[in-house]
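In terms of the numbering used here, the sequence shown has 335 at position 329, counting the first letter as 1, and numbering is strictly consecutive.
The hints are simulated quantities; they were obtained by calculation from the structure and are not laboratory data. Treat the hints with care, as some may be off.
[Said to hold, decoys possible] SDA-like mimics (lysine to any residue), calculated; alpha carbons at most 25 Å apart, straight line:
id, residue 1, residue 2
1, K405, P455
2, K99, T41
3, K325, A365
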Amino acid sequence: MKKLLLLLLAFSSITTVFAQDITGQWNGILKVQGTQLTVVFNVNKNENGFSSTMDSPDQKAIGIPTTSTSYENSTLKIALANFRIEYEGVLGKDNTITGIFKQGGQSFPLNLSKEKIEKEKLVRPQEPVKPFPYYSEDVVFENKSAGINLAGTLTLPKKEGVFPAVILISGSGPQNRDEELLGHKPFLVLSDYLTKNGIAVLRFDDRGTAASKGDFKTGTSLDFSTDVEAGVQFLLSRKEINKKKIGLVGHSEGGLIAPILASKSKDIAFIVLMAGPGLQGDQLLLLQQKLIAKAGGAFDSDIERTKIINQKTFEIVNKYKDPQELKTQLTTYLTEVSQNNPDKPGSMTLEDYVNLRVAQVTNPWMAYFLRYNPEPVLEKVKCPVLALNGEKDLQIAPKENLEIIQKALAKGGNKKVTIKEIPNLNHLFQECQTGSPDEYSKIEQTLSPIAMNEVLQWIKVQTK
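Using the sequences plus the hints, can you model the full thing?
Structure below.
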């Protein structure tokens with residue numbers, strides 16, 4: 007889904023050493039899949055050479071210690087083994103360092119300067135600007151089963167009456183109420199559009215994110231569905247909301263969560279699945295990895311090698327449910343196949359590399375997702391369903407997933423179903439060229455008006 011580089015956004019430390027007058031603060035902007043992260047290295051000289059700390063202000067991480075550093079012939083080399091990070095740059099006569107940041111086999115330019123570097127200003131013409139022509143209220147509601155408070159925004163049409171309402175459910179990874187990612191705020195744009203057209207909208211920060219309480223890292227899609235359920239209960243308590251016309255709009259993983267709740271709650275009048283999955287998680291990720299790698303120009307041999315390793319890894323996750331046994335089996339297999347893995351940083355031991363991979367696959371969210379098959383739940387959904395995909399979606403492949411969604415709903419006897427594949431749109435429902443995630447941040451458009459209109463017109467029919 008949307009977390010294409012899970013570790014890159016969970017950055018940590020880097021060190022630097024220079025032979026010239028290298029002490030002081032060095033600044034850079036790391037661009038990762040359209041996200042701009044400020045990187046600051048604070049370099050000090052000591053009796054052993056140089057030491058440094060790293061700041062990542064955007065992630066509120068300051069003074070992070072570094073691991074290993076070398077500087078010879080104007081070439082700086084930095085490594086952070088636990089995060090599979092390596093940096094190599096050359097100090098030029100203009101007192102700037104031109105270099106490459108590597109993580110997990112992927113490379114990104116990162117140049118450093120003693121001057122403060124400003125981020126590129128992004129053009130996002132669809133983002134609404136205050137004052138809004140509707141009511142916007144910051145709200146807090148409680149998930150009693152989890153014992154946490156969730157914070158969000160409720161927008162209401164500026165007129166008297168009771169209104170149909172939707173809850174927006176974000177995709178994978180910790181998202182704020184605007185589903186902010188890669189310089190875009192899709193849920194801000196969508197809520198603005200729907201509310202201007204008479205639909206009340208509740209959008210909220212994922213648990214443990216922004217103003218919401220709780221621990222995101224220990225949650226699964228099932229846990230997150232209880233957060234949405236708490237949102238439904240909150241809407242039921244509001245006098246402005248038509249209690250018989252509350253729906254869910256889920257994007258990506260949100261399109262997996264919406265059916266979970268709709269399959270067991272009579273309070274859900276309809277659901278909209280925007281790039282929602284139909285395939286089981288392991289199969290979905292194998293297809294996603296293949297499509298994105300192919301679009302990125304990877305060699306067929308490398309794609310096949312990665313597929314074989316991941317397929318076996320996922321099979322182990324599906325087979326072994328006991329956490330300790332799962333960890334043992336994964337460690338044995340990944341140690342075997344990682345001996346000469348070109349993705350392993352040279353500064354990282356095999357043991358550390360394998361432990362990192364095992365931790366990634368066995369974290370609660372990933373293990374649940376890999377094992378989760380949406381079909382049985384979809385078969386139990388009886389309310390009206392709109393399932394949309396972009397034709398060029400490489401993360402949730404449209405044909406494979408929409409076909410399964412349609413068949414599962416039909417098998418359960420649900421005839422109130424609309425399935426649509428929208429031409430020329432990517433996973434974020436932007437008009438695009440290739441559908442590659444590399445394009446997301448470069449496209450000014452946040453959400454295609456065509457996609458938003460499809461959602462609005464369908465909801466209007468359901469809420470007459």
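For each hint, the structure was consulted:
1. K405 to P455: 22 Å, holds
2. K99 to T41: Roughly 29 Å between the alpha carbons, so the hint for K99 and T41 is violated.
3. K325 to A365: Holds. K325 to A365 sits at ~17 Å (cutoff 25 Å).
Comparing the model with each numbered hint stated earlier shows that hint 2 is the single one that does not hold.
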